[in-house]
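Protein chains: 2
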Amino acid sequence: MKAAGVVVEYNPFHNGHLYHLEETKKTTNADVVIAVMSGSFLQRGEPALVDKWTRTEMALRNGVDLVIELPYVYATQKAEIFAKGAISLLSSLGVDSVCFGSESGAIEEFQKTTTFIRHNEPEYNERIKYYMGQGNSYPKASSLAFESLDGHANVLDLSQPNNILGYHYVKAIQDLNSHIEPFTILRSKAGYHDQDFDDVEIASATSIRSKLLKGSTLDHIINYVPHPTYEKLLDYEHTYSDFHGWHKLYHLLRYKLLTTNNKDLSFIYEAEEGLENRLITMAKKAPSFQTFMEFVKTKRYTWTRIQRFALHVLTQTTKEDMKPALDGEAPYIRILGMTKPGRTFLSEKKGALSIPLVSNINQSDHPFLTIERRASLVYALGYSGQHQEDFLKKEYKSVPLMI
Amino acid sequence: MKAAGVVVEYNPFHNGHLYHLEETKKTTNADVVIAVMSGSFLQRGEPALVDKWTRTEMALRNGVDLVIELPYVYATQKAEIFAKGAISLLSSLGVDSVCFGSESGAIEEFQKTTTFIRHNEPEYNERIKYYMGQGNSYPKASSLAFESLDGHANVLDLSQPNNILGYHYVKAIQDLNSHIEPFTILRSKAGYHDQDFDDVEIASATSIRSKLLKGSTLDHIINYVPHPTYEKLLDYEHTYSDFHGWHKLYHLLRYKLLTTNNKDLSFIYEAEEGLENRLITMAKKAPSFQTFMEFVKTKRYTWTRIQRFALHVLTQTTKEDMKPALDGEAPYIRILGMTKPGRTFLSEKKGALSIPLVSNINQSDHPFLTIERRASLVYALGYSGQHQEDFLKKEYKSVPLMI
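If you read the protein sequences in the order shown, they are chains A and B.
First residue of the first sequence? That's -15 in my numbering, and the numbers climb one at a time after it.
First residue of the second sequence? That's -15 in my numbering, and the numbers climb one at a time after it.
Since the hints were derived computationally from the structure, they do not count as laboratory data.
Since the structure is predicted, the reported quantities are computational estimates derived from the model, not experimental observations.
Treat the hints with care, as some may be off.
Which copy is meant is left open, because identical chains are indistinguishable; a pair holds if it fits in one copy or across any two.
Unchecked claim - Below 30 Å or equal to it, Euclidean Cα-Cα: the simulated DSSO-like pairs (lysine-lysine) are:
(1) Lys281 <-> Lys113
(2) Lys216 <-> Lys268
(3) Lys381 <-> Lys281
(4) Lys269 <-> Lys377
(5) Lys247 <-> Lys268
(6) Lys216 <-> Lys269
(7) Lys247 <-> Lys377
(8) Lys247 <-> Lys378
(9) Lys281 <-> Lys377
(10) Lys124 <-> Lys377
(11) Lys268 <-> Lys377
(12) Lys283 <-> Lys303
(13) Lys378 <-> Lys269
(14) Lys62 <-> Lys303
(15) Lys232 <-> Lys283
(16) Lys268 <-> Lys378
Input sequences plus hints: build the corresponding full structure.
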């Protein structure tokens, strides 16, 4: 059985994702598609719009065969660690290929770039440091370092978010000595960060979320998502009345910041002198998460950087907790859901897996699962009353979703 | 100017408190009455029904001349430390007498008892240990130790809550070598813990709170509180729509317990092996504070003992933080409000005070005030939106209330 891997957030699953899935199958000629998907919290350091179980069902009903959870310790990290975690999971599962969307669309550009940077690594790192010293954020500094070093000889534009991720996928495949073959498809339509709809069928997840969180009815997004997504979002909205987001957790973050001294915050992952104080000071003044972020934001700290730190404060994830994640090799495979072909694929591979399969979160006391449980609890506290209990029941007692 | 001191919570100020004030003036022949009053949180480890500023105004309009804040570090402690903190404040202010309500009503019983226990201290402490070893709570064990030691020769019933407090007031006066003369008046009517109204004019604060928190209208308590209290409660209810209590803070406590490991909880004041775990386990299960308390409660841990620990968890008050409070000598005098006579008294004493007067909480960075500010922030988080800001503005920017 030939398997292709994809790395996704599906927040929520939209037409662009469907196109990506279909192209993945065509390009890689795979029998099954395996998605490594973020759980409760996402790379930008925010809660998923709808819970992981709903998103898993969307994925399965839209053509994914197996959904594996990307653990919190990778899912909420910068591109390099995020990519290593995800690729190591796909590699452990023995997929044949990985296919990612990018602004470039040409896999040889990625390969040329990883080779080029590998050959110039010390100088590249020096230049990143230099540009950060000039007050640039890490992503901006990396892109400037690459441009200045390479003098535009390589055509890969490393200032584009999907190119950056793709670069790290390809690099992770090499670093892990994996046999996975990388493919990329062109993301020609909606840009990653676009807030507005400018196409009749494809809109970015950001713009869809932004509409939903601002209270637009689902009719406004019906053209941009496949039917199973629409149905699940409708269900979700009927049950919970609104969507998840930082606005549902800010009161907890604020409480945490106002009762913790900066020494204790300094143990939190991504803490950095000065930033802790800034968060505490701004939490005192800011009545909403939006205001809080606007107060904290500077040129030096990107929105994402601050959100991620705030998230780790909220989930009490320390530097110590994260240490074992930094080498990027995922220690277990947690299955969130599968179709029949996904199940067949899994039984074929089962004997040869080098890391354990986890189908219930209580099955193992791996420290990463302790962090996952804590993150789930925090996510649950964004719900009220019975919904809290329902989500936690799913999270603790569920076996994988099967359709 | 002759001054009498009283130690109060006024949660809220009721007819029994008015009677106590009038009897205090009569018995001690004082020109002014000075109240040392708990702030945001009370001895039973719970938030005050209405904020300290509202309660200060009630006190002043009902006949108190000067309201001094009993700092959080004393106000939320067992009788011994609570009493020492309060008496040391009154002593620093140079009051001539203290008058407290008690089930006994006879001051010589208190004096006999302090003398008796002082003479038998090692044996008394041994017996307390013994009765605690039998699984009794500390208050119960103290009362059993006293009874067994004394063979009922002394008539003071140390199983009564106001007798216990009174005993510690008298003992604190002796320990501090203070010249304050103690008086007591009989609390003949509503018992401290009574949940029901069984008198036409006097009801315990507990029963009044219980009515209000269960949603009774203010008409139900109008006969049990003086008019200024009724007016202020009416105002408060119009503004905030309901009263403060643990139900407004449980979501924060729950979040805190679910994201903190038991090692970190073990640094919290009143933490004790086993109790931390119990709180974490029960927080997972209990959707409301009431259920949580019922789950945690055992014969060994009284309701109050657990509430106090939960409160220190909530306000992040550590053993280290509390250490300097245990000797009981208050380091500053924070004025919450005064009448004209109260002001005159203060100017008379000003030159002779051995500890600083604080009229704005930001005026000093004494560690006790850092704890006070944190406690105020937590109390404020029980309000929503603009009310939060309003309370904090009062707390941070206010000069004392003057009527």
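Q: Output the numbers, in ascending order, of every earlier hint that fails for this structure.
A: 10
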